[in-house]
Structures are given as structure tokens and as C-alpha cells.
Amino acid sequence: MTEFLKTGFSGIRTIFGGGNAEADAWIDTASDNLTPREALIQQVSKWQLWAAILHGLAALMLGILMFATPNTSANLGNTLFSAAAGLPGQALLLTIIGLLANMTALLLLAVATMAQEVWTWPFLVLIIMLNGLALVAWGFLPAILLFVSLIYPVILMVRDVRAWHANPVSTKELRGRMRGVRAFAIITIFLVLMSAFTVLLYLVQLPAVTGGRTIITGELGRLLFIGVVGIELVLVIFIVPALTAGAISGERERKTYDLLQTTLLSAPMFMVGKMESALGYIVLLLASAIPLQSIAFLFGGVGETEVIIAFVVLMVTGLVLGALGLFYSAQTERTLTSTVRVYTVALALCFGLPIVGSLLFNNAYSNAISGLPALTTTSPVRETLAIYGDMIITSLNPITAAFSTQQMLIDHQQIGVLQVQLASNGATIPVLSPWLLLTLIYLALTAVLILLSIRRMRRSAL
Numbered sequence: 000m001t002e003f004l005k006t007g008f009s010g011i012r013t014i015f016g017g018g019n020a021e022a023d024a025w026i027d028t029a030s031d032n033l034t035p036r037e038a039l040i041q042q043v044s045k046w047q048l049w050a051a052i053l054h055g056l057a058a059l060m061l062g063i064l065m066f067a068t069p070n071t072s073a074n075l076g077n078t079l080f081s082a083a084a085g086l087p088g089q090a091l092l093l094t095i096i097g098l099l100a101n102m103t104a105l106l107l108l109a110v111a112t113m114a115q116e117v118w119t120w121p122f123l124v125l126i127i128m129l130n131g132l133a134l135v136a137w138g139f140l141p142a143i144l145l146f147v148s149l150i151y152p153v154i155l156m157v158r159d160v161r162a163w164h165a166n167p168v169s170t171k172e173l174r175g176r177m178r179g180v181r182a183f184a185i186i187t188i189f190l191v192l193m194s195a196f197t198v199l200l201y202l203v204q205l206p207a208v209t210g211g212r213t214i215i216t217g218e219l220g221r222l223l224f225i226g227v228v229g230i231e232l233v234l235v236i237f238i239v240p241a242l243t244a245g246a247i248s249g250e251r252e253r254k255t256y257d258l259l260q261t262t263l264l265s266a267p268m269f270m271v272g273k274m275e276s277a278l279g280y281i282v283l284l285l286a287s288a289i290p291l292q293s294i295a296f297l298f299g300g301v302g303e304t305e306v307i308i309a310f311v312v313l314m315v316t317g318l319v320l321g322a323l324g325l326f327y328s329a330q331t332e333r334t335l336t337s338t339v340r341v342y343t344v345a346l347a348l349c350f351g352l353p354i355v356g357s358l359l360f361n362n363a364y365s366n367a368i369s370g371l372p373a374l375t376t377t378s379p380v381r382e383t384l385a386i387y388g389d390m391i392i393t394s395l396n397p398i399t400a401a402f403s404t405q406q407m408l409i410d411h412q413q414i415g416v417l418q419v420q421l422a423s424n425g426a427t428i429p430v431l432s433p434w435l436l437l438t439l440i441y442l443a444l445t446a447v448l449i450l451l452s453i454r455r456m457r458r459s460a461l
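No gaps in the numbering here: position 155 of the sequence shown is 154 in numbering that gives the first Met the number 0, and each next residue is one more.
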């Protein structure tokens, strides 16, 4: 056991720059070759990454306690999140989600710090303000852990406030992308396909929701909205990876990669700049489709909540697919190879994962939120594990997450936490709406993929 812990901590130190293997570190370790500003950035980002690990470990420990000692963990959850006390297990589950949200925010903050992004300070202030609000209004005590872990990094950051500035790579990439015909051609094709599908869906569904001379407009509006968001999600899955799959490998093919390494641009600045340019185009694509989504408002049956959740799901899906394309672009020498790999992973994630979840857990989560027995078992532990396991699998897939979120919203008017009843013993347990887990997991995965891409770029430069 001792040797296992030593090996684990040695690996973590190597990853975050504390080991001897400089090529394997996410953060530069050759301090003699760094300017004072670069050394400061390195130290701040290292502290932020360790803080993210601390929050992740705290969430993991609480998750283990939730299954090992339900009664004790429930009381602990009520103490850590007093506003959610009262319902069985809900306070502890929300505490775990809060810790995971802070972990994700710290990972993104570390990436922004390493790239010296201009939005680092506003993002830091936003994190502190939200945790302060959660502490004061809802009694979210883990916010204190965040405040303590950020004291030293903030002190270091204040020493050189001007270290964070606009990213020149993202500015150059956005200008170059929007000057060409390809960007507008993609948007045009995107909107034409979505418009054609919307009209086709309207014509197909109109007879189904017509009763005599009366049209059930609310049902028609909901069907149109689900169809538009569904086709938009499929188009995002196929368009976004192509935006970043050639970000690094394309530079190698054009023989400009070695020239880039001789400039003053750091690897994080270059990677995040490429990601920001792709993100800007993704936002433009999604914003251009909002008028098509708003058609559903003409018929009713859809509220602002559904539109906001749909935009968040589409946005984080585009983010993680863009980061995945960037990761494979940094790993491979040719754009074709990276494109094939990223599409393979994307298709497996979006179309293969639901099949795996159905085989493993027999749709336990979907059955639970529908009021049906999750499993035909007399063991509450097995039923609970099946529900939570299927909840995670459902949340990893943007398509199933979107439909399950819509189902929970329509059936129970809930977008956060829902209490479901176990068929084995009649007890209730809390479950999350899939879009929350999807957002947290995809944002954290985006940060990790960018960090791995930075690590790969630095290794190739040695």
C-alpha cells in the first residue's frame, strides 16, 4: 500500500512539474531558462492545479462516504450545505457537485493562467463571487476550501497584473478564418440544412398533432424545438472536430511548426489561442441558429429554460469536441490521421456509449425518473449503483443527456435535483439532471485535453 501511494504521488509530481522528467510535465520545470514573469506564471498555475486536485479528492471522499455510511454522510451533507438539508442525501450530493464545479473552474483557471489570458482575472473574480454567494446564501461550507487554496496564488498574481493580456493567436486566427469564403459557406450550409429539416419536421408532425380542426400548438412547438436542437447537435458533432483537427498537424504539414517554436509564443498561449478561435466560430454557429429555435415560441410549449439549457449543452459539446481535435492534432503528424481519430471517438461517444449504458444498467436512470422500477432486484445498494452508473453514462452523451433533461423537465418540472423512489425498499435517493453532469464533465475534460496538448507540444520541442 505504501509503495502504491509513493508511486501515485510521484506520478502526480511528475505531471505537474515537480519530478525530474521535464518532458512529462504539464508545466515547465527548467526554472533557469525562465524569465521572472514566466516563473511567476508557472508557480501560480501549479498552485491552481494542486487546488483542483484537492477539490477532486474531497469530492471523491464524500462520494465514497455516501455509499459506505449513508446515515453519517447525510448528516455531514446537511452540515456542509445547510440550505439543501431536509431531503435524504440531497445536501451531500449537491456538496459533491459543488466541489466538482470548483475543481472544473480551477482547471480552467489554470489553463487561462498558463496562457496569460486577459480573461483570467475576471474569471477568478467570478469564481470567488459565486462561492461567496453560495457560502452566505446557502451555507455552502466547501467554499472556504476554495478561498484558502486561492490565497497564495492571488498574492502571486498581484505582483504582476500586466502579465495577462489578449491572445495574439486567437486574434490572428479569427481574422484569417472570417476573411475566407469557407467560414461563411459552412454557416450557410449549416442554416440551410437546419431550416430544411425544420420545415420538413413541421410538415410531418402537423397531421399528428391536429385533432379535427384543432391544432395542439404546444405539442407542435415542443416537437419542433426538440427536432431543431437534435439536428443542431448532430451538425455540431460533425462540424466542430474539423475546425481544430488540423490546428497543429496543419502547421507541421505547411512546414511552419518549427518557425512557431522560435517565436516568443509559449505552448499554452498557442494552444489556447487556437482553441479560442475555434470557440468563437462555434459561438457564431450556435448564435446563428437561435432564430430557428425561437420558432417554437410561436407555437408555445417551450420556455426560456429549455432554450438556455439547450444552448449550454450544445456549447459544452462543441468545446470538448474542439479540445479533442486539438489533442489529436498535437499527437499526430498528419491532419487526415487526427481527423479520423477525433471523428472515431466522437461517434463512439455519441452513438456507441448509449448502447453500452443500456447493456450494463438496463436504462435504470431513465426508468427511475419515469417512475418505473429501475431494476428487478431486492438489493437497494445494487439498484442505487445501477441508477447512478446509468446517470453518469447518460450524462456523458450529449444526445441522451438532452433527451433525459427534457423528460425530467416535462414530467417533474425539475432542472436540478429530483428524488426518485427505489423499487427494492421504497426509499428515496436524489438524482441529478443530466445537463449538469454533462456540463461539469465536459468542461473538466476540455481543460485536461488542453493541458495534455500543451504537454505534447512541449515534448516535441525538446
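Calculated from the structure, these hints are not laboratory results. Just so you know, even glycine gets a beta-carbon here, dropped at the ideal spot from N, CA and C. One or more of the hints may lead you astray.
[As the list claims (entries may be wrong)] Think about it this way: if two alpha-carbon atoms lie no more than 20 Å apart in a straight line, the pair counts; the simulated EDC-like pairs of lysine to aspartate or glutamate are:
{"#": "1", "residue 1": "171", "residue 2": "250"}
{"#": "2", "residue 1": "254", "residue 2": "172"}
{"#": "3", "residue 1": "171", "residue 2": "303"}
{"#": "4", "residue 1": "254", "residue 2": "159"}
{"#": "5", "residue 1": "171", "residue 2": "332"}
[Said to hold, decoys possible] Pairwise CB distance ranges, derived in the manner of DEER restraints:
{"#": "6", "residue 1": "122", "residue 2": "38", "range": "43 to 49 Å"}
{"#": "7", "residue 1": "37", "residue 2": "218", "range": "58 to 64 Å"}
{"#": "8", "residue 1": "127", "residue 2": "59", "range": "22 to 28 Å"}
{"#": "9", "residue 1": "351", "residue 2": "56", "range": "52 to 58 Å"}
Query - Index of numbered hints that the structure contradicts, given in increasing order - result: Those not satisfied are hints 3, 4, 5, 6, 9.
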